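Novice: Chain residues, written in single-letter form:
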Amino acid sequence: MKKYSNSTEVDFVVIGAGAAGGIMAKQLSVAGFSVVVLEQGGWGKYGREHEYNKDEWLNRNLSDDDRLMSDPSRQRNTFRPNDKVKAVPGNHSYGCVVGGGTVTYGGSNWRHLPYEFREASHDPTIPSGTGMADWPVTYEELEPYYTQAEWETGVSGLRVDSPFLAPMSKDYPVPPMPLKSSGALMKTAAAKMGLTVVPGPLAIISQPYMGRGACVNCGICSGYGCQVRARSSSAVTMFPIAEKTGRCEIRVKSYVREITLDNSGRVNGVIYFDAQKREQRQKAKSVILSANAGESARLLLLSKSSRFPDGLANSSGLVGKYVMFGNGAGASGLFEHPLNEYKGVISGAGIVDYVPSDPKRGFYGGGRMTARGYLTPFELGLGGLSPGTPRWGAGYKKALEEEANHRMTINCFVTQLPLETNRIDLDPDVKDEWGLPAMRITSSAHPDDIKNMEFFRKKSIEILEAAGAKKIWAPQVAASRNGAHNRGTCRMGNDPKKSVVDKYHRTHDVANLFVVDGSSFVTGGRNHPTLTIEALAFRAAEHIIQDAKKGALLTKS
Amino acid sequence: MSTKGRSRRSFLVESLTGLNAAWVAANYPGILAAQNYVRKSVEAGQTPRLAVLTESQAVEVEAMTAQIIPTDSTPGAREARCVHFIDRALATFARDKQQAYVQGLQELDTKTRQLYPDAQKFSALTSEQQIKTLTEIEKTPFFETVRVHTIIGFLSRPEHGGNHEKVGWKLIGYDDSLNHKPPFGYYDAQAQS
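Going line by line, the protein sequences match chains A and B.
When we follow my numbering, the leftmost residue of the first sequence carries the number 7, and every step to the right adds one.
When we follow my numbering, the leftmost residue of the second sequence carries the number 5, and every step to the right adds one.
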């Protein structure tokens with residue numbers, strides 16, 4: 007792999023090696039630019055994926071070198087529901103390895119629907135006083151990049167013509183993953199209720215594709231690296247291509263603490279801690295921030311200067327605001343015959359009829375209902391039994407035997423209103439392991455979000471009833487507090503006073519600084535952010551490359 | 005905790021000595037189960053050694069695990085060798101729990117004598133008495149730790165010391181081949197046919 011010295015001024019530093027960082031690194035290096043990717047996590051089993059473990063006990067006790075997610079005891083964070091109370095230690099965690107969250111995620115790859123980019127101006131159910139705004143990008147503009155993301159990463163699925171799904175200009179590159187029993191039961195219910203079931207689009211390949219093998223339905227999936235490279239993470243799709251150009255260096259265990267400015271107000275590089283926590287500098291002509299919505303916002307807020315006393319690129323005061331973590335609801339049921347849901351991928355078929363917000367419901371909100379039930383042996387034994395079963399003894403053992411493999415769960419991924427009061431900022435008291443102010447999360451749900459989650463909770467119960475469940479339970483709905491689906495903290499827009507980045511992800515305040523990840527989301531869609539992050543990244547890369555080739559981006563003004 | 009390096013066979017057999025004949029008679033089925041277990045593990049040439057727990061501690065921990073996932077018509081925590089999973093965990097990933105076990109077992113002993121003044125130790129109680137004792141402490145962090153460790157030991161990969169001969173996975177019908185082909189379950193098979 008190409009190595010650059012810290013004093014070499016590279017064309018681009020990309021901060022964060024996740025879904026977006028992988029695409030930026032690959033597109034920019036293939037286009038001929040020099041790129042250094044700084045990733046705070048490690049390599050994982052990059053290039054030797056067959057060494058990923060499928061061992062639940064080991065996976066709960068990974069060494070710092072083998073961890074794939076951030077560790078809230080090191081990457082500390084705090085939480086409070088509102089400004090009136092003091093924040094308490096939180097357990098926000100996100101992908102932290104080359105490949106980021108795409109190394110371990112379930113792989114759902116739904117597109118946003120066309121109207122999800124302009125709900126603010128078109129949806130009469132949106133309550134007043136929220137941060138809902140139209141995106142500066144339309145679905146039609148983004149559609150080619152959705153297709154590019156699906157084909158360059160490898161997404162399995164079935165193109166279905168439906169008002170509840172985004173129209174596609176091209177089929178998925180590989181067919182959907184096999185129907186599971188939860189999907190079959192969902193279909194039974196949907197037939198009775200007149201609903202639409204489609205296979206879930208997944209970044210997991212069902213057939214060999216681009217030199218990678220098909221999924222073997224191993225059953226130890228989400229939360230684990232994929233041994234057969236069937237999960238289309240950026241670590242097996244984007245970074246190997248970037249490396250082969252000979253122009254891209256991926257530097258792991260490199261935790262950026264500040265993006266630095268020159269006298270003219272352009273960024274000129276970054277300061278980061280290496281694996282030994284020694285401070286290093288990397289010079290760059292341009293910086294791409296792809297550290298995910300929480301960390302990208304935090305890094306901007308940490309990068310204070312006389313020019314930007316409230317944080318870099320934060321003249322709007324909006325950096326960190328409108329954070330959305332992703333709301334959910336659902337229900338579980340037990341069925342007479344075994345489903346064996348643990349075999350195969352975690353997320354199966356989906357009911358899509360309730361994606362749009364409906365004025366008849368009396369509140370704003372929609373969502374997608376996905377068929378699940380996947381439980382690993384530990385998940386079953388430690389928390390997978392139905393409510394009321396004994397926690398130990400003969401009764402526990404009986405339930406363990408009887409309920410194993412008979413459970414189906416409906417997980418709904420639903421809307422979340424962006425609120426200015428929900429935000430990421432710097433905790434005034436708590437420091438992370440590197441001595442930097444910890445991320446502080448302030449977040450509460452809008453009343454419509456709660457009503458919407460409750461709607462989906464009840465609807466999940468109805469569907470399980472129609473499917474013939476013998477016993478059904480549904481946890482109470484609750485506001486989200488954190489999570490890897492974080493987005494919205496550097497929203498995009500045309501007005502520099504009301505947004506942080508422009509429609510091509512360039513910060514309004516700094517000409518050679520870009521934020522390309524879930525931060526730029528204006529609204530949350532129906533959760534499931536990854537494919538939209540990727541489509542936006544491909545689009546951003548195209549424009550950044552055009553600008554860079556013209557010269558303006560990479561030469562000092 | 006010291007490393008005695010004594011075999012499991014020896015600690016189980018020795019744990020039975022010193023008990024009076026009446027108690028042995030009253031608890032014969034349970035003791036028989038323990039002896040059968042010991043015989044089987046000896047026949048299989050598997051006599052794992054203790055790394056962290058002393059022999060007497062291991063007997064008490066095993067008695068707890070055998071109530072958390074009891075043996076009935078199918079194997080339980082005893083046959084899964086959960087106590088060996090726990091011992092190994094205390095030497096490795098759960099090192100930080102060593103003191104909790106020492107202290108928790110002392111408290112268990114205190115609770116046992118409080119409820120049954122004539123009892124010598126928890127493991128010597130009848131099954132009913134053990135259940136009553138554990139019910140009294142089931143809200144304590146120590147019981148929760150042992151409960152979680154027992155379940156994990158029952159369902160984790162056998163190389164960690166528990167789930168011996170995959171008895172835990174057999175109970176829940178888990179196929180560990182890590183390679184499955186559809187149809188996976190009853191309902192998708194029905195949908196295909």
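Keep in mind the hints are simulated off the structure, nothing from the lab.
Any given hint might turn out to be false.
Here are the simulated DSSO-like pairs of lysine-lysine, each with C-alpha atoms no more than 27 Å apart in a straight line [said to hold, decoys possible]:
#1 A:Lys-464 x A:Lys-366
#2 B:Lys-136 x A:Lys-9
#3 A:Lys-193 x A:Lys-60
#4 A:Lys-60 x B:Lys-185
#5 B:Lys-174 x A:Lys-193
#6 A:Lys-477 x B:Lys-125
#7 B:Lys-143 x A:Lys-60
#8 A:Lys-464 x A:Lys-193
#9 A:Lys-60 x B:Lys-174
#10 B:Lys-136 x A:Lys-404
These numbers were taken from a predicted model, which means no experiment stands behind them.
Novice: It remains to establish, for every hint, whether it holds in the given structure.
Specialist: Consistency of the hints with the structure:
Restraint check: the Cα-Cα separation between Lys-464 of chain A and Lys-366 of chain A comes to about 16 Å, which is no more than 27 Å; the hinted pair holds. Pair hint Lys-136 of chain B plus Lys-9 of chain A does not hold up; C-alpha atoms about 66 Å apart against a cutoff of 27 Å. With a C-alpha separation of about 31 Å, the suggested pair Lys-193 of chain A and Lys-60 of chain A falls outside the 27 Å cut-off, and the hint is violated. Straight-line distance between C-alpha atoms of Lys-60 of chain A and Lys-185 of chain B comes to about 18 Å, which keeps the hinted pair within the 27 Å bound.
For the suggested pair Lys-174 of chain B and Lys-193 of chain A, the alpha carbons sit about 30 Å apart, so the restraint of at most 27 Å is broken. Straight-line distance between C-alpha atoms of Lys-477 of chain A and Lys-125 of chain B comes to about 41 Å, which puts the hinted pair past the 27 Å bound. Distance restraint check for Lys-143 of chain B and Lys-60 of chain A: the Cα-Cα separation of roughly 32 Å exceeds the 27 Å cut-off, and the hinted pair is therefore not satisfied. Restraint check for Lys-464 of chain A and Lys-193 of chain A: satisfied, since their Cα atoms lie roughly 18 Å apart, inside the 27 Å limit.
Our distance criterion of 27 Å between C-alpha atoms is met by Lys-60 of chain A and Lys-174 of chain B, whose separation comes to about 18 Å. Restraint check for Lys-136 of chain B and Lys-404 of chain A: satisfied, since their Cα atoms lie roughly 19 Å apart, inside the 27 Å limit.
In summary, the numbered hints that this structure violates are 2, 3, 5, 6, 7.
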